[in-house]
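These protein sequences, in sequence, are chains A and B.
Heads up: the first sequence runs through residues 2 to 281, numbered per the working numbering.
Heads up: the second sequence runs through residues 155 to 558, numbered per the working numbering.
Listed below are several chain A residues computed to face chain B (Cβ distance under 7 Å; list not exhaustive): (1) Thr78; (2) Asn105; (3) Leu108; (4) Ala109; (5) Asp131; (6) Glu136; (7) Leu154; (8) Thr158; (9) Val178; (10) Ile183.
Simulated coverage check for chain B against chain A, where a stretch passes if three residues somewhere in it have a Cβ under 8 Å from a Cβ of chain A: (11) 170-179; (12) 186-195; (13) 320-332; (14) 344-351; (15) 440-450.
For the record, the hints were derived by calculation from the structure and aren't laboratory data.
Source: prediction; values computed, not measured.
Cβ atoms here follow ideal geometry from the backbone N, Cα and C, with glycine treated the same way.
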Amino acid sequence: MSRIASTFARLGAENRAALITFVEAFDPDQETSAALLKGMAARGADIIEIGMPFTDPMADGPTIQQAGRRALRAGATVAGTLALIRAFRSVNQTVPLVLMGYLNPILAYGIEAFAADAAAAGIDGVIVVDMPTEESDLLLPSLQAHAIDLIRLVAPTTSDERLPIVLKESSGFVYYVSITGITGTRTASAEDLARDIPRIRRATALPIAVGFGVRTPDQAAIVARHADGAVVASALIDHLAMGLDSGGHASPALIDAVLDDVAALAAAMRAARQINIGLG
Amino acid sequence: MNKPLPNSLRGLPDARGRFGDFGGRFVAETLMPLILELEAAYEQAKQDPTFQDEFNYYLTHYVGRPSPLWFAERLTRALGGAKIYFKRDELNHTGAHKINNCIGQILLARRMGKTRIIAETGAGQHGVATATVAALFGLPCVIYMGATDVERQQPNVFRMKLLGAEIVPVTAGAATLKDAMNEAMRDWVANVRDTFYIIGTAAGPHPYPAMVRDFQSVIGTEARAQMLDAEGRLPDTAIAAIGGGSNAIGLFHAFLDDAVALIGVEAAGRGLDSGEHAAALARGRPGVLHGNRTYLLQDADGQITEAHSISAGLDYPGIGPEHAHLHDIGRVSYVAVTDEEALAAFQLCCRTEGIIPALEPSHALAHVAKIAPTLPAEHIILMNLCGRGDKDIFTVAKHLGAQL
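The following block holds chain B by itself, in its conformation from the complex (with noise of 0.2 Å):
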């Protein structure tokens, strides 16, 4: 393996699976050898040319990359400010971005020899894109959904069963993505023989952050070169919504070490200081949780305390721990924008382009609604457009007093 540069921002995480002070593995020890041997599995598929090769392949002619570079003419001349552009993730095959992870874990799992899938899912993005690999190779899956989340992500739901998932509603907590995920280790834990835990985002026990990350940085390594040729030089500014940082980071991984400017939105829900947020970033402190140490919302006392999104998919009272880690060195700065915001920018979205975003996407785009007005026609803004809106409907008519 190549030696990291030493003035490489790309060369993380540490032989603990550490980035600066983050990550790092804290599992029961029931777990500990098998997520060691996951390591040692994925290290060696990384190197192997064939796995590369098999990985591309799904990507290319299952998933349908590379995905298109688009310029946003419409709502650039709106906005009356820099030159936006979208990295077009949600027209991947499933809608969203989360399928790039999906194909690369399920191929190192199949590596493996495990025989039954499991994941956790908030918005249902994740669990579609589970699903929708397992269909593909023939394995059973069960998924694990906040029972909230299942109440209000239906469509997803439904599109599980018709995959031949089983899902498992979990009602521990607030019912959301946080006790999915608990529920999701509980089942690894009692199954760690066969199974194969697909974890959705760049966070839990290493290696999970960085292998999310490198499966996702095909957005990014896409981006960049597809922007090269679009405009013959790199974005001024990046941009990536985040709930546990996976879209962001896998947009962001390729130009960390460039002269661009990385901005991550949170989910500020109802106003970061109204206490019903999903900004760990803005408003939490370090911890440990999920088998990573990274910003987390939490009390005092280090209980946890609930997130609230519009956005399921950012409803997490995590992040990453690359996250974390490019937020405390500053290489990333990191903003809010709440459900109201998210709101304006989806309808703004369906009426300038005729793209239905998805809410988490939103996020994203609200904050470039803010910024482009006051920058120059020059400066070029490159957006992660992760996921499409299909699943956001139900919620958004509600949300606008619509009946459907």
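Looking at chain A on its own, in the form it has when it is part of the complex (with noise of 0.2 Å):
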């Protein structure tokens, strides 16, 4: 079993939602994502996605657009990402990670060499956010003989009949954007979700993770009662951001402050459905 599908598993045996936490690769620089990786994976974080960063992320907000340009300033490319995650591997085998970015950054690298050398460092999924279905035929053949779920994007305009389409050969989880809209922005309701994550349950067995506008620990709270897991990235990366110092680094007091944000996120989405059975 991939390391996706059994950390949903063992999630569903405990009851409780996957958090999943956003990590721009070479934000600010290599060292400080390096000490966030490591650190979410110790302060909660069930599931990383990483970003890999492009000059151009058309389906970003103003946060993961920043992240991307400091990120660029340091030096980020697909190579230095996955050395990353080499290094991360090294010291963690367990916790699942997912590279999200856009696509033309990994034709350049090759698509081929891309799916190869992101399973060789680890990589268990890959989401290409301007990468619909009806183009996925250009990466799909590649990720699968490397083992790597290629997740698909499912939005609130994504309509019941086209629902099937879109999910065909997805592997891993659903990745459902929840607002029609850029990331960091707006922030889907309880109703939003009560509505929306049944309609996506009665097309796919795979589990259902809410990304898109998810911010603080009751946010994930409520998304932890209705799907599978939450995704996390604008907000910790706007703490992040507005803590840099004058020479635009992170200090280990703000990697810190940035991972306390991690355990809270952890704390509240372990809880969420606790309180229908009771604490203890």
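Both chains are given apart, each in its own frame, so use the hints to dock them into the complex.
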């Protein structure tokens, strides 16, 4: 069983949802993102998403745009991102890692080389924001050959008729973009999720993670009651970005503070489903 | 629909929106259902005679089509070779070819029940054209424009404001056309249900490259008939400037199956080897940006690099996918012209023809000026004079050292 599947199976047995945290590779430098990766795994992240910086992140809001710019200034490349992941895997073989990015850097690296090197580095899943199902034959055979899950995005605009098309050949989990908009802007309400998640459940047996606009422990807890995972990205990056010193660097205290957020999110999500069955 | 002739180059794209290896629909899932809805609506409109009648009505009575075909006699004599004709799309309402496409798209937006219009703009010509049609049809309109372009295209910014559009300056990246397009896409993703995105060039996700081409092909269709009237034959060569490539594909499409040499002129900026240019075909590699696979200016890691041109309308690191295909199969030749050469051609046109051209077609004219003297007098060159230069006089004055 893949790391992603076994993680969701274990969490299902524990009756809790996955906390999926996000790190933009090389934001603001390689050392900080390495420390965040390691620290997030230690402080309660069940799965970690690693953003591959791109000059033109069309689906991202200002927070991730700026993170990408800092990362590119720090020399981020696809090869550098994979090196970061290899270093993490040398100390952690259990937490699933998902690469999230845009297609062009992958094409420039070479599709087959990317799939092979990402698998060798210890990547479990890939999300390519600007590659809808209609275009995914470009990447899918290489990813499948290297046992990497191609994780699909589903949006509020994805109709019931379209869901089976989007979810065909999808694996790992389904990433539900819970708002129509860019990352880190609006937030879906509990009512939205109560309406939307069952609609997707009817179309797939895969776990469903909710992203775009999950910022606080309370919001993560709401997601945990409806879905199988919550992705928190912009809120963590905002905390990091606001604490950078005048030279654009992160102090150890700042990294600890961001990791405290991760721990608070993890605690809220662990408690979220316990309320119904009584604490303890 | 008629099945495209197997030996015709005019039947693309295919069902996936591909022109050979280029094009496609590389957008986030949030937009994908909208792109499919747009495609279906456009296919239906294309076959509806009332839509075509409506489109033609506005082109005739509002835009002022057909635009004249003008024999540039003094320029021909000055260059001393081939006979040069201008297709005068700079005489259109709003001063450029951009309005042709905007009329088509806003009619489609109305047909689809969309109530809000957004667009990106570089030089501001597409922004002005979009603001114009939005005013004409009484729809609210938001224009995304790079902050750098807002600075260098003040007259057009003011025009758009007069027309009632809201201008959003975009400060990301180099703050030019590419960044404006990113921001317009973000707006669209956030407002998918009521908003129609009028893309200004023959690029972006399918069906935009085909749709923009179709609306702009009126240029070549008219020019072809006008040329037959004027000379009793087709031109030997047709030339147009290329940023994203909408005026060029609009001119070329009618001639793709004819024995007419086609030349697209990219912006070489400060020189192809200076690193400061916008020549995606000459110096780019295939990749994916803004919804389509095409030639892009990019570094070894697939990061998009900034384009440069004196002409804001050509300042884009990509090119429409149909051009990428026509380049690869060798049907169209693509050359490049520097800022300096375009400035010289701009002045030549003013003085020989009494026409102040935009800096975009000045690039095409600079190439005409290079080749015309080497060609015999019976060789006919047709050039798309796709925009007028009123918007550029401040930029040109600055480069010529004049104080306004």
